[in-house]
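Participant: These protein sequences, in sequence, are chains A and B. Its first residue numbered 1, the first sequence is counted upward by one per residue in this note's numbering. Its first residue numbered 222, the second sequence is counted upward by one per residue in this note's numbering.
Each statement offered as a hint is correct.
Computed list of chain A residues with no C-beta within reach of chain B, every gap over 12 Å:
1) Asp2
2) Ser55
3) Tyr59
4) Pro67
5) Asp70
6) Thr125
7) Lys138
8) Val140
9) Gln142
10) Pro166
11) Val168
12) Asp173
13) Glu174
14) Ile186
15) Tyr189
Only pairs whose alpha carbons sit at most 16 Å apart, straight line, appear in this in silico EDC-like list of lysine to aspartate or glutamate:
16) A:Lys89 with B:Glu339
17) A:Lys89 with B:Asp338
18) B:Lys278 with B:Asp264
19) A:Lys111 with B:Glu323
Worth flagging that the hints you see were computed from the coordinates, not collected in a lab. Note that CB positions come from ideal geometry on N, CA and C, so glycine has one too.
Number of protein chains: 2
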Amino acid sequence: MDNFSTAQENYLKTIYHLQQTAETVSTNDLAAALGTAPASITDMLKKLSKKGLVSYKAYYGCHLTAPGTDKAIGIIRRHRLWEYFLSQKLGFSWEEVHEVAEELEHVSNEKLILKLDEFLGFPRTDPHGDPIPDAKGKMVQQQQISLASLPEKKAAVVTQIGNQSPEVLEMLDEKNIAIGTRIQVIKKYPFDESMEIKTDNRHQSHITRELSQNIFIKGSS
Amino acid sequence: MDNFSTAQENYLKTIYHLQQTAETVSTNDLAAALGTAPASITDMLKKLSKKGLVSYKAYYGCHLTAPGTDKAIGIIRRHRLWEYFLSQKLGFSWEEVHEVAEELEHVSNEKLILKLDEFLGFPRTDPHGDPIPDAKGKMVQQQQISLASLPEKKAAVVTQIGNQSPEVLEMLDEKNIAIGTRIQVIKKYPFDESMEIKTDNRHQSHITRELSQNIFIKGSS
DNA sequence: ATAATAATTTAGACAAATCTAAAAATAATT
DNA sequence: AATTATTTTTAGATTTGTCTAAATTATTAT
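Make the full structure from the sequences, and use the hints.
Facilitator: And the structure:
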């Protein structure tokens, strides 16, 4: 009753993520996110529904039940702990960690994750700044203030990346921006809402609105 | 052409191990080792044979081809590196590592294993003393001298455990014997071929013939 | 409000890995 | 060498997760 296939875990995790922006998750959205045909989604939702992990009504999408949410958070916990491990201990770059963590997250030994968490020093965020749920499933979601809203002259520290696609991560690498980087706004251009910034490692860069909206920060007090 | 299912990897690994004691591996032996019905073994051997990983002739068993052997050694490498990681970094006991490594070994990212190997300091033996193949598949198999053949008064260091069943490992734990433990024979009893030994951690124990034959050693020069 | 469009589900099929029961081949025994 | 026993294979089914094509339901636009 507590054993799930890799496929099922991926469904739960993906439904959880899609639920962050919409109450209910549609069959097509899930299909797009998983790269699976909509008909297959319907089949799987019926199975997960029978198991009590999602609440599903035909033609009206689905959402996670309480047990389903717990399970999903557990998978996300594993994923992010492995990302942290790959980044901090094995020296992987932040573009690389996601793919490998996608595999490691399905290794489901309870003690392994507890010991790994301890070994890593109970980290609270992964290499992209996303919060890592603790053993009880609790995670601290910090304020989502984007770089776009930081006024001229002001400085702040990067805490999280919104869109974590390879394209975004590549740009951030080139501009020497990572989690923990201190950024100061030199000049904002109202015309296209782009900005000139300076990072703590003496780099100066031009940031478009699109990119600045995906860089989340906290005051550098 | 280079992607294998968990099931297929388990077949290759198990055939490799069974080949250590017999040239050719029979369907029934494989079935017993994998806990799978003989009919299923036949099916899978046909698939692996078509892929060129095993050489299989109906009614006459199978053995690994060169590519199959390479693949099997790769899986064993992953398994033993993870065992080392679990034991040395996460503090798992040697009875526990095998089961978890059985899952982790199927995560097949090349770079992950190279980096893990480096992170662990390129260990050459796992927690049970079994050799870990290097990135090229090479492994050093040491002399298999068992404690049973060590003469009275002589001392030696434990290098490997033969039968790694939970039963054996539990006994060794109780007698404070692990890889690296220095053992001195105090007295041998010809009647039942048991012996009295002393370990470097001041413990004295009685060892039966059965157990002594599963403790491999090297001279403590 | 009805027709066109989009989303979703059903129906039927497939591949992978397994099973049981029965048939066939090999090995052992008298 | 013939019979018995053992091992292995074949045949037919099952489960899981997937697919395509067709049917159905919901939504949007005229």
